[in-house]
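Q: Taken in sequence, the protein lines are chains A and B.
Going by my numbering, the first sequence opens with residue 870, and the numbers climb by one from there.
Going by my numbering, the second sequence opens with residue 5, and the numbers climb by one from there.
Bear in mind the hints are in silico, worked out from the structure with no lab data behind them.
Take these hints with a grain of salt, some might be off.
Pairs of lysine-lysine, DSSO-like flavour, derived with a Cα cap of 27 Å [unchecked claim]:
hint: 1; chain 1: B; residue 1: K76; chain 2: A; residue 2: K1165
hint: 2; chain 1: A; residue 1: K1165; chain 2: A; residue 2: K941
hint: 3; chain 1: A; residue 1: K969; chain 2: A; residue 2: K1023
hint: 4; chain 1: B; residue 1: K98; chain 2: A; residue 2: K1165
hint: 5; chain 1: B; residue 1: K63; chain 2: A; residue 2: K1141
hint: 6; chain 1: A; residue 1: K1259; chain 2: A; residue 2: K1328
hint: 7; chain 1: A; residue 1: K1082; chain 2: A; residue 2: K1271
hint: 8; chain 1: B; residue 1: K41; chain 2: B; residue 2: K73
hint: 9; chain 1: B; residue 1: K76; chain 2: A; residue 2: K1141
hint: 10; chain 1: B; residue 1: K76; chain 2: B; residue 2: K102
hint: 11; chain 1: A; residue 1: K1023; chain 2: A; residue 2: K983
hint: 12; chain 1: A; residue 1: K1276; chain 2: B; residue 2: K76
hint: 13; chain 1: B; residue 1: K41; chain 2: A; residue 2: K1023
hint: 14; chain 1: B; residue 1: K102; chain 2: A; residue 2: K1276
hint: 15; chain 1: B; residue 1: K63; chain 2: B; residue 2: K98
hint: 16; chain 1: B; residue 1: K73; chain 2: A; residue 2: K1141
hint: 17; chain 1: A; residue 1: K1276; chain 2: B; residue 2: K98
hint: 18; chain 1: B; residue 1: K73; chain 2: A; residue 2: K1023
hint: 19; chain 1: A; residue 1: K1049; chain 2: A; residue 2: K1089
hint: 20; chain 1: B; residue 1: K98; chain 2: B; residue 2: K73
hint: 21; chain 1: A; residue 1: K969; chain 2: A; residue 2: K1082
hint: 22; chain 1: A; residue 1: K1049; chain 2: A; residue 2: K909
hint: 23; chain 1: B; residue 1: K73; chain 2: B; residue 2: K102
hint: 24; chain 1: A; residue 1: K1085; chain 2: A; residue 2: K1072
hint: 25; chain 1: B; residue 1: K102; chain 2: A; residue 2: K1271
hint: 26; chain 1: B; residue 1: K73; chain 2: B; residue 2: K63
These numbers come from a predicted model, not from an experiment.
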Amino acid sequence: MHIDARNLENNSVIQGDICIIGAGTAGISMALDWIDTPYKVILLEGGGFEYDDQVQNLYDGETTGQRYYPLKSTRLHYFGGTTGHWAGMCSPFDPIDFIKRDWVPNSGWPISRKDLDPFYARAHEKLQLGPYNYEFTYWKKELPNLIPFSLDEKVIWNKMWQYSVARFGKLYGDTITKAKNIHLYTYANVVDIITNGTITDIKEVVVKNHAGKTHKVRAKHFILACGAIQNARLLLASNSQAAQGLGNDNDIVGRYFMEHIEHASAELWLSKPFPTKLYSWSYGARASAELAITEKVQTENRILNGTVSLYPLAFSRNLDSEMDVWNNEDPRKSAENFRESISEAREAAKKVNEGSISRAFQLHTRIEQAPNPNSRVTIGAEKDDLGVPKTRLNWELTRLDKRSIRKIYQLLGQQMGISGLGRVRLREFLRDENDNSWPEDLNAGWHHMGTTRMSDNPKRGVVTSNCQVHGISNLYVAGSGCYATSGAPNPTLTLVALSLRLSDYVKDKM
Amino acid sequence: MERKKFIFMTTAAAAILAIPVWYYNSCSSVYDQSLTKPQLLSNIWDTETIAEIGEIYKKQHSSENSPSKLIKLLSESISSEKGEIVAFINQRIKEDYKTGRIVTIDGWILSVTEVRQCALYSLTQPK
Chain A
870 MHIDARNLEN NSVIQGDICI IGAGTAGISM ALDWIDTPYK VILLEGGGFE YDDQVQNLYD
930 GETTGQRYYP LKSTRLHYFG GTTGHWAGMC SPFDPIDFIK RDWVPNSGWP ISRKDLDPFY
990 ARAHEKLQLG PYNYEFTYWK KELPNLIPFS LDEKVIWNKM WQYSVARFGK LYGDTITKAK
1050 NIHLYTYANV VDIITNGTIT DIKEVVVKNH AGKTHKVRAK HFILACGAIQ NARLLLASNS
1110 QAAQGLGNDN DIVGRYFMEH IEHASAELWL SKPFPTKLYS WSYGARASAE LAITEKVQTE
1170 NRILNGTVSL YPLAFSRNLD SEMDVWNNED PRKSAENFRE SISEAREAAK KVNEGSISRA
1230 FQLHTRIEQA PNPNSRVTIG AEKDDLGVPK TRLNWELTRL DKRSIRKIYQ LLGQQMGISG
1290 LGRVRLREFL RDENDNSWPE DLNAGWHHMG TTRMSDNPKR GVVTSNCQVH GISNLYVAGS
1350 GCYATSGAPN PTLTLVALSL RLSDYVKDKM
Chain B
5 MERKKFIFMT TAAAAILAIP VWYYNSCSSV YDQSLTKPQL LSNIWDTETI AEIGEIYKKQ
65 HSSENSPSKL IKLLSESISS EKGEIVAFIN QRIKEDYKTG RIVTIDGWIL SVTEVRQCAL
125 YSLTQPK
C-alpha cells in the first residue's frame, strides 16, 4: 500500500507494529522480509519514486578534513535509495574483518563472518546475485576464461566479486506497494525521534514534508535505515530529551565514520600479454576478481585489508580523478561528469595503446579505513528546509591507512618479481616511506560506514550485536553505520545481510 | 741477481700478468653483453629508461659506480658457460625478490641484480 504523506490531513497519526525509517537498500530489504506477516509495517521514505531536487537538498552538508564529495551528491533520496545509481559490486567481508586485530585500533566486531553467512545467502536473493559462493575454483568452472596470475597463494589470493544490476526502486516498487501489510509513506521525512521520559523507549517519530504537513508515527519498534550519515544525523538531532542526542551517552554517535579509499596507487607492467577476463570488470558481468593479501600476510605486516583491481593503463592514465569529476552538488550532474570522463579516457586510450603500455595496468586500491574517532559526522547550526540541523562531516585518515596501501603494493611488486610476470611501479604519493600526507584528489568509494558502530560495550559502540541502540529497547539501526570496521568490499551486500539479521531479531521480539 | 733488480723484475712480471686480467674485468669488450641487458625490463622499457634507472641507482650507490665493480658483482658465482649467464641472472633476480633484495627507484620495485644491469648499461653505452 502506498500513501503520499503530502496528501494526508495535517497532524495525522500513523500507527503500525514496526516502523522502518528509510526506503533504501536496508529499509526495502527489511520490508520485503515482512511481507505476508501478520504485522503492519510502516515504511517511511523522505522522497517519492523519482529524483526530487527539493528532497535531495535535505542531504546538503558541509565537509572538512580530507577532501570529500559534495554530501548532497553521494546518496539518492528517493524510493530505492542509492541503488538508483550504484555499480552493483558485491563481495562478502573476510573473516579477518570481524576479528580484533591488535594493530588496528578499535577493530573487532561482536559477531563473526560465520554469524553473517546465512544472511549473506539471503541477501543474495534480494540483490539478485548468483549463488552465495565466492570460491575462485567454483567460478573458474563456471567461467573458464578467468585465468589467474600464477602468484604465491600464501601471499596473494583472488578475491571474487559478483555484480548486481538490482535497482531497488524499479525492482521492488510494485512488490512493496502491492503488499497488504506494508504501508509505504512517501514524502515522509523523519525530523525528530520522541522517547518516553526515561529515554528507554521510542514513543513516536515526527515526519514532515515540503507541503507543510507534519505527522506522527507510532509503532512498537523503530528501525533507522537512512544510511550511515543520515542515521547519525537523526540521532544527534533528536536532542530535545537527551542533550547529546539519542544513543549518544558516550559520545560515539557519528564518530568512526569510515569510507573505502579507492585510488589509483601503482602500475603493473607485464612482460608478455596475459589474456584473461579474471581481473577486468564490466557492468553486467557475473564475476571477476581482485588481488588480495592473505590474512596471514596482513597479520605479519600489521596492515589493513585491501584489494587491488586492474584497469588498462592507457585508459586509466587519461581518466580524471573521481574526486575532481564528481564535484557537482547534483548527483545526476556528477554522474554525468563521471560518465563523460570515462568516455573521454576511452577515446584517448585508443591513440596510445601500442607497445608495452598495451600490457600495462593501473593498479587501483580498494581498502578499509582504520576506525578513527576523529573521522566523524556532527550536526551544525544551520538547518535544512524541514528544520533539521545540517550534517557536518570531518573525514580523517590515519598513518596506518597509508602504510597499508604502500605495503600492499610492495608485496604485490615482490610477488610479481618472483613470478616473472612483470614489474610494479608505485605512484608518487606512495614512494616516500616517511610521507604520511594524502593527495588532494584522493578518491573514496561513496561508501558511508561506522557512525553507529556495533559493540556489546555501550562505551565503545552505539548499537548491540543485534543492531539495537544501547539503552533504548525498541530502536534499531539497519545498515553500514553499524560496521565496526569497514572491510575492503563495497558495503551493500553486507548491509543487506546485516539488515536481514536484524529483521529476524525484531520478529523474534514481536 | 741484485736485490733491487730482482724486485723490479718480479714487479714487472706481476704487472704483465695482472694487466690483462684487469683489462678483461674492466673493459666493455670482453664481458658478456647480456650483463647489460635486464631481460624482463627490456620488454617493458626502452633503452633510455634502462639507462635512466641505472643512473639513479649509481647516484644512490656511489661505491658501485664503475663497470669493473658492477661486472664483478653481477658475475659472482656465474659459471664460465656463456649460454647459462642469462638463465643464471634471471634466477638470481627471482632470488632477489624472494629474499627482499629489492630497491625502489622512481617508484619501480626492482631487484638489485636487474638494477645493477641497468647501471652497467648506463656506464657502458656511448653517450
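Q: Indicate, hint by hint, whether the structure satisfies it.
A: Right, here's what the structure says about each hint:
1. K76/B - K1165/A: Outside the cut-off at roughly 39 Å; violated.
2. K1165/A - K941/A: violated (40 Å)
3. K969/A - K1023/A: holds (22 Å)
4. K98/B - K1165/A: holds (22 Å)
5. K63/B - K1141/A: violated (31 Å)
6. K1259/A - K1328/A: With a Cα-Cα distance of about 26 Å, the restraint between K1259/A and K1328/A holds, given a limit of 27 Å.
7. K1082/A - K1271/A: The given pair, whose Cα atoms are some 48 Å apart, is violated under the 27 Å limit.
8. K41/B - K73/B: holds (17 Å)
9. K76/B - K1141/A: Given that 27 Å is the threshold and the Cα spacing comes to 30 Å, the pair is violated.
10. K76/B - K102/B: holds (22 Å)
11. K1023/A - K983/A: holds (22 Å)
12. K1276/A - K76/B: Roughly 33 Å separates the two Cα atoms, so the pair is violated.
13. K41/B - K1023/A: Status violated; Cα separation ~32 Å.
14. K102/B - K1276/A: Answer holds: K102/B to K1276/A is near 16 Å, not above 27 Å.
15. K63/B - K98/B: holds (24 Å)
16. K73/B - K1141/A: Violated, at about 32 Å.
17. K1276/A - K98/B: Between K1276/A and K98/B the Cα gap is close to 19 Å, so the pair holds against 27 Å.
18. K73/B - K1023/A: violated (37 Å)
19. K1049/A - K1089/A: Given pair K1049/A, K1089/A holds - Cα atoms ~19 Å apart, limit 27 Å.
20. K98/B - K73/B: holds (22 Å)
21. K969/A - K1082/A: violated (47 Å)
22. K1049/A - K909/A: Measuring from Cα to Cα gives roughly 9 Å; hence the hint holds.
23. K73/B - K102/B: Holds - the C-alpha atoms of K102/B and K73/B are around 24 Å apart, at most 27 Å.
24. K1085/A - K1072/A: holds (10 Å)
25. K102/B - K1271/A: Satisfied, since the Cα-Cα distance of roughly 24 Å is no more than 27 Å.
26. K73/B - K63/B: holds (14 Å)
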